[in-house]
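Peer 1: Sequence:
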Amino acid sequence: MKYPASPATPQISGSSRSNDAKEIAKGQRIATFHEGLHADVDAKDKGDLRHVLNAKKTPRQIEADELCGLSITSMKIIVLVMVALLVLGCIGPVICEIDDGDAKVFDDNFKVMWAEDHVRTSENGHVWHLSLDQKSGSGFQSKHKYRFGWFSMKLKLVPGDSAGVVTAYYMSSNNEMNRDELDFEFLGNRSGEPYALQTNIYAKGTGGREQRHILWFDPTEDFHTYSILWNTHQIVFFADQIPVRVHRHTKATTHVFPREQGMFMFSSIWNADDWATRGGLEKTNWASAPFVSSYKKFHAVGCKWEDSYPACNSTTAETEKWWDEPVAWSLNDKQKIDYRWVRSKYMVYDYCYDKTRFSTQPVECSVAPWGTDIKI
1 MKYPASPATP
11 QISGSSRSND
21 AKEIAKGQRI
31 ATFHEGLHAD
41 VDAKDKGDLR
51 HVLNAKKTPR
61 QIEADELCGL
71 SITSMKIIVL
81 VMVALLVLGC
91 IGPVICEIDD
101 GDAKVFDDNF
111 KVMWAEDHVR
121 TSENGHVWHL
131 SLDQKSGSGF
141 QSKHKYRFGW
151 FSMKLKLVPG
161 DSAGVVTAYY
171 MSSNNEMNRD
181 ELDFEFLGNR
191 SGEPYALQTN
201 IYAKGTGGRE
211 QRHILWFDPT
221 EDFHTYSILW
231 NTHQIVFFAD
241 QIPVRVHRHT
251 KATTHVFPRE
261 QGMFMFSSIW
271 NADDWATRGG
281 LEKTNWASAP
291 FVSSYKKFHA
301 VGCKWEDSYP
311 ACNSTTAETE
321 KWWDEPVAWS
331 LNDKQKIDYR
341 WVRSKYMVYD
351 YCYDKTRFST
361 QPVECSVAPW
371 GTDIKI
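The letter at position 39 of the sequence shown is residue 39 when you use full-length UniProt numbering, and the numbering goes up by one with no holes.
Keep in mind that the hints were calculated from the coordinates and are not lab data. Be aware that a few hints might be false.
With a straight-line Cα cutoff of 30 Å, these simulated BS3-like cross-link-like pairs (lysine-lysine) come out [as the list claims (entries may be wrong)]:
no., residue 1, residue 2
1, Lys297, Lys345
2, Lys204, Lys321
3, Lys296, Lys135
4, Lys304, Lys111
5, Lys283, Lys355
6, Lys296, Lys321
7, Lys154, Lys204
8, Lys145, Lys297
9, Lys145, Lys321
Using the sequences plus the hints, can you model the full thing?
Peer 2: Okay, structure coming up:
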């Protein structure tokens, strides 16, 4: 595999939805605020990707090594605090693992939206597969709608020759004319070439906010976690623990910040060879079909939209709403380093700098990804 790589800047399609699935197109363990990825910036600048690939030491091992340098008294205090927080299911605001068994079973959380014969699950219901062939793609939708929270899923993408194939994992209010939407779209490629990750944000029916990154790992060899943090201050997209995109809520961006509508979770796979790979130059090789993407460990820690206007809009001190606590209002120092790194090394397209599409830069493009919170 040629990971990582630096292909030319791709073209952006005006639409990322297939004709036969217009209404339902596109569609991870809480570790985002984990401080354990202790790879130094110099190593990253030199292209050392061990902290995100096959590192010799896991973040847990690194943390253990660092703890060895602490005094006995300090260690006792840390242990007491950790034990107390573990009772609550969280280690502070930086490590939260939600592992309820029900969250892993497909039928408990999702329903098939189209092409049921192209969707299958493992015997225990913990792993789910969507397939695409010349007959149809497929997709599923969550049973619950949410307004704010933390949402994650582990995905394993289509291996081999996947040019023209798009796998999507996204949130949407699902009302086409005025929809809010937060998209992960994985754009397939020829064998041996890296996948492109495209993110997009729709607010009140308007999208066109595409950013693209080349993934720094092979997303077809194993499952990787893709997450969305959504609160009243920011929306953050994560690939594993790395923040790849930040959309801030400020006075200037309040009209382009999704916050008023609850959203379902979706995922789908479909043919988009008119734009997905090298601007449509690479067509889908149907001899390689069926194309299969796999999913597991869906987690939603958020406010369910149970009625027309639930109490999902205020900051709270309650433990279960850590995703709207101050620690989640902005990236922490480690995440800022990772964010700069991934943008400098792997971003290949940003709509903010596309002068052929935007004669005037969109207002949200001038807002810093972190800083003084001036949300309204």
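Peer 1: Does each hint hold? Answer for all of them.
Peer 2: Hint check results:
1. Lys297 to Lys345: 29 Å, holds
2. Lys204 to Lys321: Status holds; Cα separation ~25 Å.
3. Lys296 to Lys135: Since the Cα atoms of Lys296 and Lys135 sit roughly 25 Å apart, the hinted pair holds (cutoff 30 Å).
4. Lys304 to Lys111: Roughly 17 Å between the alpha carbons, so the hint for Lys304 and Lys111 holds.
5. Lys283 to Lys355: 28 Å, holds
6. Lys296 to Lys321: Holds, at about 23 Å.
7. Lys154 to Lys204: 28 Å, holds
8. Lys145 to Lys297: This hinted pair holds, its Cα atoms lying about 18 Å apart.
9. Lys145 to Lys321: The hint holds at about 16 Å.
Every hint from the earlier list agrees with this structure, and none is contradicted.
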